[in-house]
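Read in order, the letters of the sequence shown correspond to residues 1 to 511 in full-length UniProt numbering.
Worth flagging that the hints you see were computed from the coordinates, not collected in a lab. There's no promise every hint is true.
Unchecked claim - Only pairs whose alpha carbons sit at most 27 angstroms apart, straight line, appear in this in silico DSS-like list of lysine-lysine:
#1 Lys179 with Lys194
#2 Lys89 with Lys137
#3 Lys344 with Lys330
#4 Lys179 with Lys268
#5 Lys268 with Lys344
#6 Lys268 with Lys89
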Amino acid sequence: MSCWRKDSDECWGTDGDDDGERTVDSNDAPRMRKTSSQVDYYSQDTVDTTHLQHVAAVAARRALTQDGDYLVLALVGLPARGKSFIGAKLRSFLAWRGLECQVFNAGQRRRAASDDSLEKNLRSPHSHAAFFDNANKDAAARRESIAMDTLDSLFDYLESGEGEVGIFDATNSTRQRRKAILDRVKRRFEGTGKACGVVFIETICTDPYVLHSNMLVKVRNSPDFAGLDEATALADLRRRNAHYESAYEPLSDSEGASYITIYNFSSKVTCSLCFGRITRVVLPFLLAIHVDERPIYLVALAPRGISTSGRTTREAEYRKAVAAAEDAEKDLALRLRAWCASAKEPPLHVFCSASIRARAVAGALDVEASYTAALDPFVKEGRRDAHRDLADRLEPVIIDIEGSVAPTLVITHATPARALLAYMHNRPRVRVVDETATTEAPRTLAGADAAVIEVRATVAGGYSETVHLLPGADGSPPPSPSIFARAPSLPWDERRRGSIGFSERGSKSLE
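Using the sequences and the hints, build the whole thing.
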């Protein structure tokens, strides 16, 4: 390795070899002639194309890693490949992290174009497979117009001051469409003083079993197939797929765009020209999510409610309270063990708080456990941004939970449990630290009820919720009805969300 010093003709090496060519000047003094590997490309000297290519690559990366004001995540893929599922999951995750995010679905706008037929419970003419035939020029132009109108609505959302991230949910299956998206973004924000980045997220499904499962989900839940029997709906969807497949162009490096491609909702992924927070935040989440159904169980240890103030004068009362709390935790462990033994789908793995109390409960179960301080009681230090600390701490736990493929039990404390529920129900994280519990599960998690909260992923990307009160330690039935069902979560209100106030009174442990 050699270095060239710009203000001197001297060259020195660190590897003991001299790869320059020796020359002689007019005074016959030995000099070194700079080779291409020694040129300082910031000087006026000539450089070879290898260095120019390297400089261009660095410049491109620098442009892609600058902080932007807005971000567009454009989904790419054939029908029934899970685009809307990915969009809903991403929206929930990014909104929970504190970003103002919304999904803009071209299919919804297309269906809205035929309100009359929908109101009569008839299929929209824009839902029939023939509408997606590329040979039908009028239909192709209509689809393109609908897609661009949807993209313009996304831009309006970003520029309104309410949005930071827009998710464009459409097939975007050709190079021409993707170039049109990039050109439209450039024209819209050029000269505004605002920077808007674009990342394409492609989902490819080649596994016949996964593809058939996705198709069943689509025909059973999409308004496009309302009123059709399953066999007819599947046949229509396959014809639609055939039309798209005839013109489909997968993403490639030659397009020069930032993109992520996911294969079969598994760990295989291609990532190109993505740097910074995209790779640190979005990519790990995309690698974790999948469509396999399994229950997630939440258990929160009840707050002890033991005050240490005046402990020296009330030592006996303090010891008595600690002993009572320990007895309650032993009782919870036995009751939880009895419930797991009788559960229809008992947990096969446990994510557990590293606190002594939680470890004692997990130790009573015959299930493998992973311990993490992220699930420990939350300590609020009198700051208004305490919710950010809580969310940052829980983010790896959420990715682990999303990546789990077996029934999983989470043993934690009340505030972390409410924060996890907020993510699952598309609620902003800012509301979980100080808000009053308003639904059955958060009330249970905030109190002393011994209960298990069961949540299950839905096809729309959210979760359904069921509350199970635990039986007695001896297996006796719980004193009240054991199940409270809650409807699947819906997207949270998209109105501008104000910050929830936090107490300014010193540190406080929120279990």
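(Q) Hint check: Lys344 vs Lys330, CA-CA at most 27 angstroms. Holds or violated? (A) 24 angstroms, holds
Q.
Run the distance test for Lys179 versus Lys194: straight-line Cα separation, threshold 27 angstroms.
A. 20 angstroms, holds
Q) Is it true that the CA of Lys268 sits at most 27 angstroms from the CA of Lys344? A) 32 angstroms, violated
Q. Taking only the CA atoms, is the gap from Lys89 to Lys137 under or equal to 27 angstroms?
A. 34 angstroms, violated
Q. Are the Cα positions of Lys268 and Lys89 separated by 27 angstroms at most?
A. 18 angstroms, holds
Q: Would you check the hint for Lys179 and Lys268, treating anything up to 27 angstroms between C-alpha atoms as holding?
A: 26 angstroms, holds
When held up to the earlier numbered hints, the structure conflicts with 2, 5 and fits the remainder.
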